[in-house]
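J.: Listed here are the chains, written in short residue letters.
Protein chains: 2
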Amino acid sequence: MEGKSVAGRIHEAIHRLTAAEKRAARGLLGSYPTLGLAPVAEFAQQAGASSATVLRFVSQLGYKSYPDFQRALREELEERSKSPLQRSHSAAAQERGDSNFLDRFVTQEVDNLRSSAALIPASEFEAVCARLAENKGSCYLAGGRFTDFLAGYMEAHLRLIRQGVRRLDGRPATRADQLIDVRAGDLAIIFDVRRYDASLLDVATELTARRAQIVLITDEWMSPVARFAKLVLPCRTEMGRTWDANGSLFTLVEAVIARTTELSWPTASKRMGSIEGK
Amino acid sequence: MEGKSVAGRIHEAIHRLTAAEKRAARGLLGSYPTLGLAPVAEFAQQAGASSATVLRFVSQLGYKSYPDFQRALREELEERSKSPLQRSHSAAAQERGDSNFLDRFVTQEVDNLRSSAALIPASEFEAVCARLAENKGSCYLAGGRFTDFLAGYMEAHLRLIRQGVRRLDGRPATRADQLIDVRAGDLAIIFDVRRYDASLLDVATELTARRAQIVLITDEWMSPVARFAKLVLPCRTEMGRTWDANGSLFTLVEAVIARTTELSWPTASKRMGSIEGK
DNA sequence: CTAAGTATGAAACTACTGATACAGAAGTTA
DNA sequence: TAACTTCTGTATCAGTAGTTTCATACTTAG
Numbered sequence: 043m044e045g046k047s048v049a050g051r052i053h054e055a056i057h058r059l060t061a062a063e064k065r066a067a068r069g070l071l072g073s074y075p076t077l078g079l080a081p082v083a084e085f086a087q088q089a090g091a092s093s094a095t096v097l098r099f100v101s102q103l104g105y106k107s108y109p110d111f112q113r114a115l116r117e118e119l120e121e122r123s124k125s126p127l128q129r130s131h132s133a134a135a136q137e138r139g140d141s142n143f144l145d146r147f148v149t150q151e152v153d154n155l156r157s158s159a160a161l162i163p164a165s166e167f168e169a170v171c172a173r174l175a176e177n178k179g180s181c182y183l184a185g186g187r188f189t190d191f192l193a194g195y196m197e198a199h200l201r202l203i204r205q206g207v208r209r210l211d212g213r214p215a216t217r218a219d220q221l222i223d224v225r226a227g228d229l230a231i232i233f234d235v236r237r238y239d240a241s242l243l244d245v246a247t248e249l250t251a252r253r254a255q256i257v258l259i260t261d262e263w264m265s266p267v268a269r270f271a272k273l274v275l276p277c278r279t280e281m282g283r284t285w286d287a288n289g290s291l292f293t294l295v296e297a298v299i300a301r302t303t304e305l306s307w308p309t310a311s312k313r314m315g316s317i318e319g320k
Numbered sequence: 043m044e045g046k047s048v049a050g051r052i053h054e055a056i057h058r059l060t061a062a063e064k065r066a067a068r069g070l071l072g073s074y075p076t077l078g079l080a081p082v083a084e085f086a087q088q089a090g091a092s093s094a095t096v097l098r099f100v101s102q103l104g105y106k107s108y109p110d111f112q113r114a115l116r117e118e119l120e121e122r123s124k125s126p127l128q129r130s131h132s133a134a135a136q137e138r139g140d141s142n143f144l145d146r147f148v149t150q151e152v153d154n155l156r157s158s159a160a161l162i163p164a165s166e167f168e169a170v171c172a173r174l175a176e177n178k179g180s181c182y183l184a185g186g187r188f189t190d191f192l193a194g195y196m197e198a199h200l201r202l203i204r205q206g207v208r209r210l211d212g213r214p215a216t217r218a219d220q221l222i223d224v225r226a227g228d229l230a231i232i233f234d235v236r237r238y239d240a241s242l243l244d245v246a247t248e249l250t251a252r253r254a255q256i257v258l259i260t261d262e263w264m265s266p267v268a269r270f271a272k273l274v275l276p277c278r279t280e281m282g283r284t285w286d287a288n289g290s291l292f293t294l295v296e297a298v299i300a301r302t303t304e305l306s307w308p309t310a311s312k313r314m315g316s317i318e319g320k
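Protein chains in written order, with this note's numbering: chain A, 43 to 320; chain B, 43 to 320.
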């Protein structure tokens, strides 16, 4: 429906409301927006009115049905939790104006890191590292326009730890060649953040056809590659409204490398020794 | 039935979930808790699974019905909005002391980021960005074994903002060729962390001879290139005793890019438009 | 004080949501 | 490869939530 917030509509319409309807409004504002997400009967009881009154109240706000009203509440909630994260410190710092650009940037990045750590199930993270440490089969890496450098960075480190690390480079033509050798059970790590790269989806399709297992490292909006992925590690990337930052992906990569090194230390240490030697 | 947060249950149960159920889990974590407050059909569609799978998923979490699950979500939401700051995941995890590898890693990285921001004088940071935003002369980038990917990442972004961005690739032989065109007043951004790269020192020497201005991005132990640098941005990289992490460098790079974009918006926006167009 | 109009909740209705059963797909093992 | 297990989506059903109706209580005006 229109671009007005639900709370805004209540304040606008509250004068038109009847006594019982006002109780409903008060109740909703009192525990906003949770009460509105409950079934009508519960809303009614909590607000001290009947179901019918609540329905009339919702109708007065301009929603054509109760589900419609709930949808608006959910969208509002979603909006709020996605955009300018944590008004607490970053906003406070901006108000004081005593912090410079770098401080503000770092503060936001810290939020992203924390959220990312919370977003990623420990078991998924461990599964990825364990799989890498197994040191079986090949491990392919691919990324999009900017994330390709993350793939490169990860590749450079993985090469020290295990064998069979291959990079899928950006040009679709050569990619096809590189995919020929993919065997069932091989591992593929794909980086994809929005705007998502169509060619990566193709690569993922092909990899799946060849029965490779895909690990996807993506942002909170979840690349379409997720459909094909056995394991997904989603990171928070949003900064303010104009900018997405990949710092959380980078840190995740380093964490994976660190953990994998730890897990495969006996093997990896020999390997690293021989590489360093030359 | 009570006492556990829904997100907590997901992390607990995720290992015994099937592939499609995991999609549901990820979907919910991705837009938490809103998606769970929607009707099953919508949840299912958004998560890329069927209604039945979503039902099985919530059943796996230990809820005896979908409405029951939604009630839990609402109560959690209510709880969170009442307490001042959300202490939901990170705080609780730290209290329990059961934090996993990723959490610990992220915590250390956060320390590094904060220290880095403190270590870098605002004036130096601003000077670098301003110099980049001037958009005069050429800008060369070079890095060492691993940091070369940071140089590449920065190059890819800088190209969108300004003209004359060049990358000095890793092979000493070709580097010499690329340095021929360097002119007085050109800018060079060098990444160097320990163990410091001897060839970068050579490059820096040559650049200085040609009167280019060097910006050095390095770690807390300070690359020897610092001798030749006009501006130095040192970052904290130390993690525990065995491992150095470059995440702080990466975030610094992104901060520089963001700030430079901001400073040169009138010029940069046109440029970006024309690049996106093709 | 009475009558017209409005507000309200109880109860009936219907539509849609959540639950279930089943069949086919996918994956696993021998 | 074939048999078997497990997973997953479709189709169906049952129950509940949202909606509507209507009789009653309350206001307000005449």
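Worth flagging that the hints you see were computed from the coordinates, not collected in a lab. Keep in mind the model is a prediction, meaning the values are calculated, not measured. One or more hints might be untrue.
Identical copies carry no separate label here, and so any pair may be met within one copy or between two of them.
No more than 27 Å apart at the CA atoms, straight line, and that leaves these computed lysine-lysine pairs for BS3-like [unchecked claim]:
no., residue 1, residue 2
1, K46, K106
2, K272, K64
3, K106, K64
4, K178, K64
5, K312, K64
6, K178, K106
7, K64, K46
8, K178, K46
9, K312, K106
10, K272, K178
11, K312, K272
J.: Look at each hint and say if it fits the structure.
T.: Do the hints match the structure? See the list:
With identical chains, the CA atoms of K46 and K106 are at most 27 Å apart within one copy only, with a shortest distance of 15 Å there and 36 Å across copies. For the identical chains of this complex, K272 and K64 are inter-copy neighbours only, at 10 Å across copies versus 51 Å inside a copy, given an alpha-carbon limit of 27 Å. Only within a single protomer do K106 and K64 lie at most 27 Å apart by alpha-carbon distance; the minimum there is 19 Å, versus 35 Å between protomers. For a Cα distance limit of 27 Å, the shortest separation of K178 from K64 across copies, 25 Å, qualifies, whereas the shortest one inside one copy, 51 Å, does not.
When the C-alpha separation of K312 and K64 is checked against a cutoff of 27 Å, the pair qualifies neither within a copy, at 43 Å, nor between copies, at 37 Å. In this homomeric assembly, K178 and K106 never come within 27 Å of each other (Cα to Cα): the closest approach is 58 Å inside a single copy and 42 Å across copies. Taking the shortest Cα distances, K64 and K46 sit within 27 Å of each other inside one copy (19 Å), while across copies they are farther apart (35 Å). Neither within a single protomer nor between protomers do K178 and K46 lie at most 27 Å apart by alpha-carbon distance, with minima of 56 Å and 38 Å respectively.
For the identical chains of this complex, K312 and K106 are neighbours neither inside a copy (57 Å) nor across copies (44 Å), given an alpha-carbon limit of 27 Å. When the C-alpha separation of K272 and K178 is checked against a cutoff of 27 Å, the pair qualifies only within one copy, where the shortest distance is 17 Å, while the shortest distance between copies is 48 Å. Within a single copy, K312 and K272 get their C-alpha atoms no closer than 30 Å, and across copies no closer than 41 Å, so neither meets the 27 Å cut-off.
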